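Colleague: Please model the entire structure based on the sequences and the hints provided.
Residue 125 is where the sequence shown starts when you use the working numbering, and the numbers rise one by one after that.
Please keep in mind that the hints were generated in silico from the structure rather than gathered at the bench.
These numbers were taken from a predicted model, which means no experiment stands behind them.
Some hints could be false.
[Claimed, not checked] As a list, the in silico PhoX-like pairs of lysine-lysine whose alpha-carbon atoms are at most 25 Å apart:
1. K206 x K221
2. K621 x K611
3. K165 x K274
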Amino acid sequence: MENLKEIIEKIEAPLIFSSRDSYKNLSLIKNLELTMTGLLKKLQVISPLSAQHGPAKKIYVDILSGFQETFAGFDTLSVDEKRERVGEALRLVKELKNLYSDLSQSDQVKSFDKSSPMQEDLNTSFEKLSLAVQYIKGVGPKVAGLLGKKGIKTVEDMLYFLPRRYEDRRSVKMISSTQIGNVEMVIGEVKEAQIQHYRKNKVFEVTVDDGSGRLTAKWFKGNHAYLKKIMKKGAKVILTGEIRSFLFGKDIIHPDFEILNEKDDNHDSHDNFLHFKRIVPIYSETEGLHQKYIRKIMMEVVENYYHYILSPIPKEICKRQRLADISLSIRNIHFPESDQDIEQYNSMKSEAYRRLVFDEFFFFELGMALKKKGYVLEKGITFKTDGKLNEKFLQILPFELTDAQNRVIEEIQADMKRVFPMHRLLQGDVGCGKTVVSMAAMICACENGYQAAIMAPTEILAEQHYSNIKEWAGLLGLKVAILTGSKKTAERRDVCKRIESGDVDIIIGTHALIQEGVEFKKLGFVVIDEQHRFGVVQRATLRGKGINPDVLVMTATPIPRSLAMTVYGDLDISVIDEMPPGKKPIRTKIFYENSREKVYDIIDKELKKGNQTFVVYPLVEESETLDLKDATRMAEHLQKEIFPEYRVGLIHGRMKGTEKDQIMTDFSGGAIDILVSTTVIEVGIDIPQASLMVIEHAERFGLSQLHQLRGRVGRSDIPSYCILLAGYARSDTSRKRLRIMEETNDGFRIAEEDLVIRGPGEFMGTRQSGLPDFRVANILRDGRILNEARKEAF
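Modeller: Structure (structure tokens):
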């Protein structure tokens, strides 16, 4: 087994190799994230540093946490981002070497007894669980290769390759006693197996007889050639599925099945006790590895290795949370006792599953807690918040702040007074007044002699912020500048010079703010708007332009609490849950394709009032595969055929930034009456005269996206409307989505409903969102366990 020095060398070697010659070898390094994850796991298990206490322990934990954060998602990063991460990893390796060197002569490290019972257990556990699967009885190199396709390389991987569902084989039904509408399991002999032709459809049919009656199994889809190959006449087969009535008999559509061998007739044999008279685990298969074989290997692994899984969670937490033993939980998940409730296992709500769910949540939240603790240990800026500028700012506003806005300003100012940097997420529905709140915080920073910066995802949004903030700042004697990618070289150079000299107090920009050459004199406060549009590295780069500045990240997309605890668990969260008084709700109405003329009449009425209209489409151009209207053709159609007397504009994401800016300027200035668009207008643009939002093919959009689009109207006191124009083909789910939009304007309720309908992954939008990839835990199903795990971790 490797020692600590060897593991550190293994961590360092690929990093040094990839950094040589200005990182020329970086592209040659593959699967670095996976490699480092394995090495860090070894480091945690064998390192004597893990037995330290006090400052040394804290430094060690920080180094490990830093490594994990550095290599998270590494393989998906750009070359520039990888360079930055490798440089950070080399710095952490140096820290680790220094720490071990400093402590290597101390009594604490010398007294770390590698043969102590605890360390001996850890060493044995690591050795057994790290055993390659090919050395498991009944596996060998060929089967190991097949298991490798499932990501199974070690005994530990095998133990955590969990069943996808369970079948109740404690009692097999005779075909004659099966009930129509029930899910039943039968065993019988194949009497006929053939492909039938019904008009244009092919159906593979198998007739099975068990002596009491016959049953026809049917497959309308799937690999018919494969089914024909294995479902030979005379074969014994297990079928599980819903029994249906068909003509004069019974059938079962797309059943789960398993082919039995001749020796399987003896259901009482030791081997077949795996497959009968019990709750039977069903695993996901790969070619060449079928259920019976996987089950047999799994029984070998579970019986011989399950007890080597040690609980990484302190005993007092296990006792307080009444958690089942981790090793017994693994054993029971693979092979539940016959007296267990199968539904508890299929729904992943058994005590065994609860233990695994808790472990996943606990360690994720522990990582968040360590990250948050790291913020607290950083030395930040202690701002004074009792200056006169904020008082003056609130006096010049033409409106009163809501109670929610005042509460959030107090929360932010309380953070700013502390000695460590602020890391806070500000959530608020469209139009709730987040910009005013962030301005109050930036004014506070400026009054303390620091610069503030706000980074927006698009030039349009940056320009809008600049327009609002410049007006307020001018009345307060503060200087404001904007920096975007479209700035001409001379203008950009001048703005950068002013930022570096300190001639600018508040800087507003896009990604241009984090490019080389942009240097701040004294950056003390950072605002990231629509933060989900930026990556981790981009946010960190802007923060790195100052010395531990306070950070406020904002989003107009309400995030349900359960998601916020996972994706943003390291941040403090403020919520503006109140809309300004007098803000009229946007009336929403569903129309269908056969009411298109009525929709056009409504558009015409709004335009005659002097108002403007958005018409949003899901596609930019016509698609060969999707029967959907697209923005490009419909803009032309609306201009020529429907509204020739009005001015129709078109904007979409494929246009250059300058083109989009010009169109939005024209629309804002009233030069365009109807703006045809894709979802490029989803975030943050204020057009006060826009009173009507028409969303074509509304059934194609998620709830949160529909809500964001709707928020583009109603930006003034003009009564505003949203029309959801749905196509003819509508699922129950899409109808439910549209009805929710009709019923409420509450973004937080909409977000909760959207999370339930679409699930966490689709709601947040893939890996980039930061949503963890849990093996067992589900934040919707297991919300209560998440709460408990978070309490214990923090």
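Colleague: Each hint should be assessed against the structure and marked as holding or not.
Modeller: Here's how the hints hold up against the structure:
At roughly 22 Å between alpha-carbon atoms, K206 and K221 fall within 25 Å of each other, so this suggested pair holds. Simply put, K621 and K611 have alpha-carbon atoms about 14 Å apart, close enough for the 25 Å limit, and the pair holds. Of the pairs offered as hints, the one joining K165 and K274 holds, with about 21 Å between alpha carbons and a cut-off of 25 Å not exceeded.
In the structure shown, no violation is registered for any of the earlier numbered hints.
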